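**Q** Generate coordinates for the entire structure from the input sequences, incorporating the hints supplied.
Residues 326 to 1097 (this note's numbering) make up the sequence shown, in order.
FYI, nobody ran anything at the bench for these hints, they're computed from the structure. Watch out, some of these pointers could steer you wrong.
Restraint-style ranges between C-beta atoms, simulated for each label pair [unchecked claim]: (1) ASP828 to ALA638: 28 to 38 Å; (2) LYS780 to TYR804: 51 to 61 Å; (3) ARG630 to TYR711: 27 to 37 Å; (4) ASP617 to GLU761: 57 to 67 Å.
20 Å max Cα-Cα, derived SDA-like pairs, lysine to any residue [stated by the list, open to error]: (5) LYS501 to ASP1051; (6) LYS641 to THR573; (7) LYS795 to ILE772; (8) LYS584 to LYS641; (9) LYS844 to SER748; (10) LYS641 to ALA698; (11) LYS495 to SER569.
Just so you know, these numbers come straight off a predicted model, no measurement behind them. We treat Cβ as the ideally placed atom computed from N, Cα and C, and that holds for glycine.
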Amino acid sequence: MSKQLRIPRPMLLAGLPLAMVSTYGPAWAQSGAGSASRDVGIGDIVVTAQRRSEKLNDVGISVVAASGDSLLAKGVASTADLTKIVPGLTATETPYGTPVLTLRGVGFYESSLAASSPVAAYVDEIPLPYTRMALGTSLDIQRVEVLKGPQGTLYGQNSTGGAINFIMNKPTDEFKAGFDASLGRFMDTDVQGFISGPLSNTVRARLAVRTHQSGDWQKSVSRDDTTGSTHVTMGRMLIDWQASEALTFELNLNGFIDKSDSQALAATSFQPNNPQAVQPEELAAVFTPPGDNRLADWDADKNFRRNNWYYQAALKTTFAIGDSADVIAITAYQHFKQDQFVDSDGTNAEAVGSTQDGYVKSFSQELRLQGQAGRLKYVLGGNYSYDRIYDNTLYIIRHGSQAHGLDALGLDIGIGRTHSRQSAKTYAGFGNLDYELTSGLNLQAGIRYTKQTRKFEGCLGDPGPIGGGKWANLFSYIYGTTIPVGGCTTLNPATGFIGMERDSSSEDNISWRGAINYKPSPGTLLYASVAQGYKQGSFPTVGGNSSTQYTPAKQEGILAYEIGTKLSLLDRHLQLNGALFYYDYSDKQLRGKVSDIIFGTIEQLFNIPKSQVKGAELQIIAAPVTGLTLEGNLTYSDSKVKSDFPSLTPIGVATNLKGESFELTPKWAANASVNYDAPISDTINGFAGVDVNYQGRTHAGYGGDPLFTIAPYTLIDLRIGIHARDDAWRGQLWIRNLTDKYYWTNANYLGEFTYRQTGRPRTYGVSVSYRF
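**A** Encoded structure:
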């Protein structure tokens, strides 16, 4: 009996453009012989991934770049949406709204405000040191560049996973204005506009604003109720002053206000911390059945409207030294403030909920010299940053079994709090050299020294008068001493001290990169690189019964090897890019679980000594005929914990992580797109496009428990529309998640219930754009 050959879905998606080669091969051969070929083909993309303008095909780094118009057409409206165009990138949120990005298996699932991502983010070269600051990056974008692999010898932050650079539209020499507006399902209204032009002979300015408003998209499984509205407003003012031929100043003022609802969770099982103290409200809680992205549940009497805001002021000063060098200084101050309520159990019981308030204040200064001397291109610089973080959480666990273990003694608890303050000072010096050894052969070398010191204080404790002293009474009984109302209850087991835990850390590292780029012929690039990257450690914000829970994660490191190629073929009708990579991962940071006699399982930061990621990437872009573009991308990432590492699953079952794949790291990921644009009159073009995004199976919790599996899924988006031949206006109809696929991006456990965070259901709408 013969077996039917099955080709994996991601390979089919990535291979779509190649499938067109045989179909259109004769046509390509004919067009390549005549002048018509100038109208067909793949245009050059110019990027600044290496702090200078270069063609993407000349950059020996794995980079994904997309224009602002392309992002708008594909519905990429946030950092998380970049998964539509970057295979190997996964995005989710913690229940507290903290974005978690994982690139080629390198990520850090951490909800603390003070946790930085191993995938660094920048806006116009200004670092966004903490992920909650990135909401405003979706306004008036010129392009985005996603660099894969360790970074730091060219950019302001150390990172082990990669960097996302958002480049914004700049002030113009002539008056320009325009707007983009969309209306979709759930009354989702998204409008942004800009006005730009000269204020004088030497001053130019650009003002951009965006407001995104929508109704509720989630439905309660226990009652007739809805949540999930969006209310975000953001703005940016850019002012450029050409003070002299050599001196320019670029001022950037931007910010956002977020009053959206926190996403409600979908409970999937009940895992009580104290089975002997289960409460009636928990037993009556309704689980969310699978199959409908809209279904979830939450506390009925709470306000889920966030009151978060952010602003940034930055100044870039450039002084030209002749025609071959620039001195550049970038000064920035950023302030993020959060105030929100989150239901973390996904039910209508008050098992685990929290009110969070806190802030991040960050100052950074970078100074660098960059230029060219003959065949040598160089960047030399240093930076300094000082961050202050306050993170306070009021836990509401009135219906949780962990709150009622000593009810018989009148020592029930319903509300507790965690408190933490951190400060971080970072100093760094970096340099990068790019030398053209011969025509077509370049050698690159970069190095960076970084030193960071952190100070921390934090504790778990009584919430004050709002809790009626119950928390203080319980721990006074447990410890046999008097805990005042509002006091800390964290115990240092080594000293017996009960109170605020204070600690500090000091770390330094040397990251580096060496690479060789070889162009044997026009349109062909071969490259190889080896890089050592680091990500700094941090202290967590957790409910620490023991001071050991506040042990910081130390810095992690990755030794990355990569070889790749970028090939322009068939007279620029076919682009073929590929890469092989291997990461030797040391001290991978992990927010894991430990056992606790009162709360069952509680969280703590750890470092996994040895891990690895090995993988491959393939990108194929084809332009067989005028107006038709096909693209396929495929990423294979095989991640594995190499060392023995005893741990607990999210629900407290003992396990050893050795041999397991990383969280939120599917082995296969792929996307494909087909875009067609053709004239339908002398002044109007019609266009249509389809985008397919596949994410393979992964998990959000070690130990192999199916409760924390994230099933594979495929999302399909469609669009069709018309636009002016001169692109003065554009209109399109669109559908996202065409098949209304049920999927989820996170599956975890916090307290009493396991939960899923579902993706968005099918949405549809209309978008229009106009440029004056």
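**Q** Hint by hint, which ones does the structure fall short of?
**A** 2, 7, 8, 9 and 10
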